[in-house]
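Those sequence lines, one after another, are chains A and B. If you read the first sequence in this note's numbering, its first letter stands for residue 1, the second for the next number, and so on. If you read the second sequence in this note's numbering, its first letter stands for residue 1001, the second for the next number, and so on.
Don't read these hints as lab results, they were simulated from the structure. Among these hints, one or two may not hold up.
Chain A side only, calculated, beta carbon under 8 Å to chain B, not exhaustive [said to hold, decoys possible]:
#1 A19
#2 L23
#3 A54
Below, a list of computed lysine to aspartate or glutamate pairs in the DMTMM-like style, where the Cα atoms sit at most 25 Å apart [stated by the list, open to error]:
#4 B/K1016 - B/E1003
#5 B/K1016 - B/D1002
#6 B/K1016 - A/E150
#7 B/K1010 - A/E53
#8 B/K1016 - A/E53
Note that the structure is predicted; figures quoted are calculated from it, not measured. For each residue, glycine too, the CB sits at the ideal point set by N, CA and C.
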Amino acid sequence: MTAAGPHLFWITSRAAGIAAMMLASGSLGVGVMIRGRGESRRLLGSDVRALHEALSLATLVAIAIHGLALLGDAYLHPSPLDIAIPFTGGYRPVWTGLGILGGWGLAALGLTYYARSRIGAARWRYLHRFIPVFWALGIVHTLGAGTDAEQPWMLIAIGLPVVPALFLLLGRLFGSPEPERQAERRRPRQAPQPQLSGRRG
Amino acid sequence: MDEVRKLEAKGLARAKSRSRRRRVATIRSRTIRGSLALFAILWGVVFVQLASGNDPALSSKHRAERRTAAAPSAPTPAEPAREPAPEAEAQLEGSEFEVEEEPAPEFEQLEPEAEFEEVAPEFEETAPEIEEPIVTSSS
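Bound-form chain B, shown alone (with noise of 0.2 Å):
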C-alpha cells in the first residue's frame, strides 16, 4: 500500500508541475502577444497622428529644436551616409515652402505700365521747344 501511496503521490507532483510549467509558458506567450500588440498599437497611433499632419514634432518649435540637436554633429566629412536626404529635408518643412511661394504677386504690382506711357510724352513736348529758339537765330 506504500508503494501504492508513494507512486501516486510522484505522480500527483509531476503533474502539479507539468501544469505549472505549462502556465508558466502560457504566461509568457500571453505576455510576448501583448507587447507585440501593444507596440503594433502605438506605432499606428503615432504613425496615422504623422501622416494625418498633426504631429507634435513637426510643429516649427519642435522642429527648430529638433534642428538645433542636429546641427553640431551634422556636417563631418567621414560621415556622409548619415546626412539626412533631401527628400525628408523637404518634407519636414513643407510648409514653409508653401507660406514663402504666397509674396509672389507683388512683383507685378511694383512695374505699372502707366508710368512709362506718362513719361515719354514729356520729352515730346519739351523737344519742340528747344528747336525752336535754332531756326530764329539762324535766320
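Looking at chain A on its own, in the form it has when it is part of the complex (with noise of 0.2 Å):
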C-alpha cells in the first residue's frame, strides 16, 4: 500500500490529461460530423453544434486543469514556463513539448469560434480545418509521456473515443464530398444581387 497523500496534484493532472483526451476526441468526432455527410447531420440534428462547442469548452478546462494540476506536485515541481513552454521542462521534454504545442493548439484555435466576426467565417473555417493536427498531438503526448500509457485500462479509455473520432476524419478527408456539395460545384455561380436597401425616393 502506498500513500496517495503527497500525489494528489499528480493524479488529479493525470485523471484531467486523460479526460482531456477523451473529451477531445468526443468533440472532433461530433464536429467532424457537423459539415459532414447530410445524413449523420440530419439523424444528430441541429444541436450538435451545441454539443459540439459544450465537448470543446470541457476539453479546454480539462487540458487547464491538467497543466495548472503539476504546479502543486511536490516531486516534479515544474515551474510556470516549463508547463507553458515547449521543450523547456525536465520530464521528457520531446513528448511533453509536443502536448504543449497540442493544447496550446486547440485552445487557439478553438476559441477563434467566438471571434469569427472579426476574423471572417471563411478564415475560421480555414484555421478550424487544423484542430486535428494538434489533437494528433495531444495522441502523440500522452502514448509518449502519459504515465499510464502503457495500461491496459488506459489504452481501452483512450480508445473507445479516439478510433471512432480517427475513423471519422479519415472519412472525411479521403472520402467523396456530400452529393449537395457536389451539386453546388457543378452548378454555375451567379452573380450576386444588389440588395435593396432604404426607402425609394
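Two chains, two separate frames, one set of hints: put the complex together.
Below, the structure is given as C-alpha cells:
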C-alpha cells in the first residue's frame, strides 16, 4: 500500500489529462459530423453544434487543469514556464513539449470561434481545419509521456473515443464530398444580386 | 384572418426558439455533468491504482526518470517551498528502505566468539615455555 496523500496533485493532473484526451476526441468526432454527410447530420439534429461547443470547452478546461495541477506536484515541481513553453521542461521534454503545443493549438483555434465576426467566417473555417493536427499531437503526448500509457485500462479508455473519431476524420478527408456540395460545384455561379435597401426616392 | 395567422406564426416561432434554447441548455448541463463524472471516475481509478501499490509511475524505472527530471531545477535557495517534502520522499522510496534493511544479520556472522576462545589458550601455553629457561639460568 502507498500513501496517496503527497500525490494528489499528480493524480489530478493525470486524470484531467486522460479526460481531456477523451473529451477532445468526442468533440472532434462530433465536429466532423457537423460538416459531414447530410445523413449523419440529419440523424444527430441541429443541436450537434451545441454539443460540439460544450465538449470543446470542457476539453479546454480539462487541459488547463492537467497543466496547472502539475504546479502543485511536490516531486516534479515544474515552474509555470515549464508547463507553458514547449520543450523546456525536465520530464520527457520532447513528448511533453508536443503536448504543450497541442494544448495551445487547441485553445487558440478552438477559441477563435468566438472571434468569427472579427476574423471572418471563411478564415475561421480554414483555421479550424487544423485542429485535428493538434489533437494528433495530444495523442502522441499521451502515449509518449503518459504515466499510464502502458496500462490496458488507459489504452481502452483512450481508444474508445479516439478510434471512431479517427475513422470519421479519415472518412471526411479521403471520402467523396457530399452530394449537395457536388451539386453546388456543378452549378454555375451567379452574379450576386444588389440588395435593395433604404427608401425609394 | 391574416393578423391571426401572423400571431400564430409568431407564437410558433417563439415556442420553437424557446424549446431550442432549452435543448441547448440541457445539452450543456449534461455535457458538464458528464465531464465531471468522467474526471471523477478517472481520478478514482488512478487513486486506487496508486494506493494499492500498483502504480506504474512508482516502479524503479519511472521513479528514476522522475528523479532526473526533478533534479535540475530542485536545489535553488530562492525556492525553498518547492522542495519535495521528506515524508513524500520516504513514501516514494519506501520499498528501497525495506530492501536495505535485509542484510543486517550478516554482521552477527562476522564476529564469531569461538575464534577468541581458541586464540587465548595459545598464549597461556607458550608462557610457561619461556619461564623455564630463566629458572635454569639462575641456578
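Exercise for review: Quickly compare the C-alpha distance for B/K1010 and A/E53 to 25 Å and report which way the hint goes.
Suggested key: violated, 29 Å
Practice item. Answer holds if the nearest beta-carbon of chain B is closer than 8 Å to that of A/A54; otherwise answer violated. Key: holds, 4 Å
Check your understanding: Are A/L23 and chain B close enough, Cβ to Cβ, to be under 8 Å, as the hint says?
Key -> holds, 6 Å
Exercise for review: So, A/A19 near chain B? Judge it on the closest CB pair being under 8 Å.
Suggested key: Hint holds; A/A19 Cβ to chain B Cβ min 5 Å, cut 8 Å.
Review point. Are the Cα positions of B/K1016 and A/E150 separated by 25 Å at most?
Key: violated, 49 Å
Exercise for review: Take the C-alpha atoms of B/K1016 and B/D1002, compute the straight-line distance between them, and say whether it is at most 25 Å.
Suggested key: Given pair B/K1016, B/D1002 holds - Cα atoms ~21 Å apart, limit 25 Å.
Practice item. Would you mind confirming whether the straight-line C-alpha gap from B/K1016 to B/E1003 stays at or under 25 Å? Key: holds, 20 Å
Check your understanding: CA of B/K1016 to CA of A/E53, is that 25 Å or under?
Key -> holds, 21 Å
In summary, the numbered hints that this structure violates are 6, 7.
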